[in-house]
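Participant: Sequence:
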Amino acid sequence: MTSSQTSSSRYRYFVLGVLLVASVFAFIDRQLMSILLEPIKTEFGASDTAMGFLTGLAFALFYATLGVPVARLADNWSRRNVLAISMVVWSAATALCGLAASFWQLALYRFGVGIGEAGGTPPSHSLIASYFPASERATAMGIYGTGSQLGILIGLFGGAVIAAQMGWRWAFILFGVPGVLIGALVALLIKEPPRPPPPKRSKLSADIARLWRIPSFAAIAFATSLTSIAGFGMATWFPSFLVRVHSLSLTEAGLLLGLAGTTGALIGAVSGGVLCDRLIKKDLAWQLKLPAVGAGLSAIFLGVFLVYPEGHNTMIGEFRVPVASAFQFLGAVVSALWIGPAFAAVQTLTPAHLRSQASALLLLLLNLIGFGIGPVLVGFLSDQLTPLFGTQAIRYAMLITLVTVVVGSYLFWRGGAQYRHALRTNEPTHGDNL
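Just so you know, we're using the numbering used here here: the sequence shown kicks off at 627 and counts up by one.
These aren't lab readings, by the way, just hints derived from the structure by calculation.
Fair warning: this is a prediction, and the values are worked out from it, not measured in the lab.
Even for Gly, the Cβ is constructed at its ideal location relative to N, Cα and C.
Treat the hints with caution; some may be incorrect.
[What the hints assert, rightly or not] Pairwise CB distance ranges, derived in the manner of DEER restraints:
#, residue 1, residue 2, range
1, 1014, 796, 35 to 41 Å
2, 1036, 804, 21 to 27 Å
3, 1040, 791, 46 to 52 Å
4, 937, 814, 23 to 29 Å
5, 929, 829, 43 to 49 Å
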């Protein structure tokens, strides 16, 4: 009998809640830089390309490459302990960002955030898969996935308010220090569930090769990665887009991204998981076809948001809100539909003793391609297009990257049939996951 069957419903949702809080702080620390781009750029005199490196590749380089070996440690030792230690590291590094005296010192601390967060999501995914059966896994992953959106919401709006009142440095310090304490609570509150004894230990390269041979794994990996090029690039540069093109203040930009973008993504992440768990009862292929539909629709809605003419605003209290934000909201809802289904699919396909490594391998590609390339690509395109379009360049730079979402949608759709076939033909192999 699996740990998910022996765990009480109340406790497993308590564990999910603790993991959710850890995820919230991870994404606060990860995305906080985006709302602070303009004041940091001004203080250090950096270009858009350099700031794209600071927000994207500086983090993703270590986050992605260390993810697999750290996940291997979690699979062979304690997922709970790896998560707790990692949270202390990334939170401390975030606080140190507020003390940086130069651009490259800030980049060094940003490396530290990436190193710490390498041990965050993969152990969490594996723990969720141990506590929840396959029939509830997409919903649980969708709920966990809201941590990214809650973190972005708090980071964007909270970071903007703190920066406006106290300066950008205090935003890093005030969000970093509490995470150190929460990391300690993770070690105290979460029980490490029992796992089936792994087979004879194999080399890391052999485990990676085994994971890569799982049907539909490659489709999931490249679909999420390509979609995330635009996703991470736009998430990073949305505040600057709203400031430059729609002439909003930093606080107005943070409020808008929270109300429209992040709230929409929260709805999409949860509803995507719930809807997936219902649809797969009729056809297992919907595990990946639902993300395909969401990605395709997001390219349409976000494209309209980007090209919508500026100057059409409504007022919410004292804040200006562009009419275009309605399309941003819709785009955020559908673009988040993939989160629960895709991560749950990977965990369901994977033997229990390789779950953390499977999640880490997926995140390796997602972050190297998506987070590593997306922000830098938008920044680079913006610099190249500025002579032609001036402050409007950021608009067309982001619009170009939506091509990657269309390709990702196609790969998700193709992966649906592969996923259905994999579960039907390999059910005895992966029976401990069901």
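Participant: Going back to the hint list, which numbers does this structure go against?
Facilitator: Violated: hints 2 and 4.
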